[in-house]
Amino acid sequence: MAIFFSGWLGYGLVVQAGILTEPIDPSYARRPFVLRDVDNGIVRNIGGGTVGPATAAWGRIGFMALFDAQAGGNMLLWLPLPVPLVVGTGNTITMAGGSSSFLFSDIQAGRNATFTWPAGSVVARTPDGRVLTAGVPLQSTGGLLSAQVLTFGSTVTMAALPLAQPASGTSQLWNNGGVISIS
1 MAIFFSGWLG YGLVVQAGIL TEPIDPSYAR RPFVLRDVDN GIVRNIGGGT VGPATAAWGR
61 IGFMALFDAQ AGGNMLLWLP LPVPLVVGTG NTITMAGGSS SFLFSDIQAG RNATFTWPAG
121 SVVARTPDGR VLTAGVPLQS TGGLLSAQVL TFGSTVTMAA LPLAQPASGT SQLWNNGGVI
181 SIS
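Under UniProt numbering, the first residue of the sequence shown is numbered 1, with each subsequent residue one higher.
A few of these clues could be false.
Taking CB as the label site, the calculated pair distances span [claimed, not checked]: (1) 25 with 99: 20 to 28 Å; (2) 118 with 183: 16 to 24 Å; (3) 81 with 181: 26 to 34 Å; (4) 128 with 3: 21 to 29 Å; (5) 17 with 69: 34 to 42 Å; (6) 80 with 116: 22 to 30 Å; (7) 53 with 177: 33 to 41 Å; (8) 96 with 144: 19 to 27 Å.
If you are wondering where the hints come from, they were derived from the structure by calculation, not from laboratory data.
Where is the CB? At the ideal position from N, CA and C, for every residue including glycine.
Kindly produce the complete structure, drawing on both the sequences and the hints.
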């Protein structure tokens, strides 16, 4: 089975300026998240998982996001939860395998073509109409989703760059305190 995306799933209270505010609790950690290959524009998660239990109240969790790193890294996609969750001490958030599906309408036409989306654009939708928004410039090349690498002749605004340093050696641009840097 081919993989469309392999990374990390995080939950948060709010998304502002392309940044997800995640719970601050030693028991909170992003968990591995895999989307299987595109089938007629639709991708589904493989396997499930649990985050928590919370050792302190996390508050009202209203968003989930996909990252390319367990900590820091790029927030590739984010979307609102269908119903916000209030996570108190001792509570967990659990997602069953196959429970998340996303329609990437651009990819329906050609799985192996290259598609790009600017940060802030609608990339896909859930069956109930919620939108997946690009947190950083994205690309899908050969059926794999990733942060868009530098493309000559393209324009990237400082606001569209991630504030956290991407994984070393990935050749990705990032906003290093107002200075454009490359990892």
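Practice task
Could you check the hint for me, namely that residue 25 and residue 99 are 20 to 28 Å apart, CB to CB?
Solution key: Given range 20 to 28 Å: holds, Cβ gap about 24 Å.
Problem - Hint check for residue 116 and residue 80 - Cβ pair distance inside 22 to 30 Å - result: holds, 24 Å
Practice task
Using the beta carbons of residue 81 and residue 181, state whether their distance is inside 26 to 34 Å or not.
Solution key: Between residue 81 and residue 181, where Cβ atoms are some 33 Å apart, the hint holds.
Problem - Verdict for residue 96, residue 144 (Cβ pair) under range 19 to 27 Å - result: The hinted range 19 to 27 Å holds for residue 96 and residue 144, with Cβ atoms some 24 Å apart.
Exercise for the section: Take the C-beta atom of residue 118 and the C-beta atom of residue 183, compute their distance, and say whether it sits inside 16 to 24 Å. Expected result: For residue 118 and residue 183 the Cβ distance comes to about 20 Å; the hint holds.
Practice task
For residue 53 and residue 177, compare the CB-CB distance with the range 33 to 41 Å and indicate the outcome.
Solution key: Between residue 53 and residue 177, where Cβ atoms are some 36 Å apart, the hint holds.
Handout entry: Distance restraint evaluation - residue 128, residue 3, Cβ atoms, bounds 21 to 29 Å
Key = Holds - the Cβ-Cβ distance for residue 128 and residue 3, about 25 Å, lies within 21 to 29 Å.
Problem - Range agreement (Cβ of residue 69 with Cβ of residue 17, hint 34 to 42 Å) - result: This hint is violated: roughly 19 Å between Cβ atoms.
Checked against the numbered hints given earlier, the structure breaks only hint 5 and satisfies all the rest.
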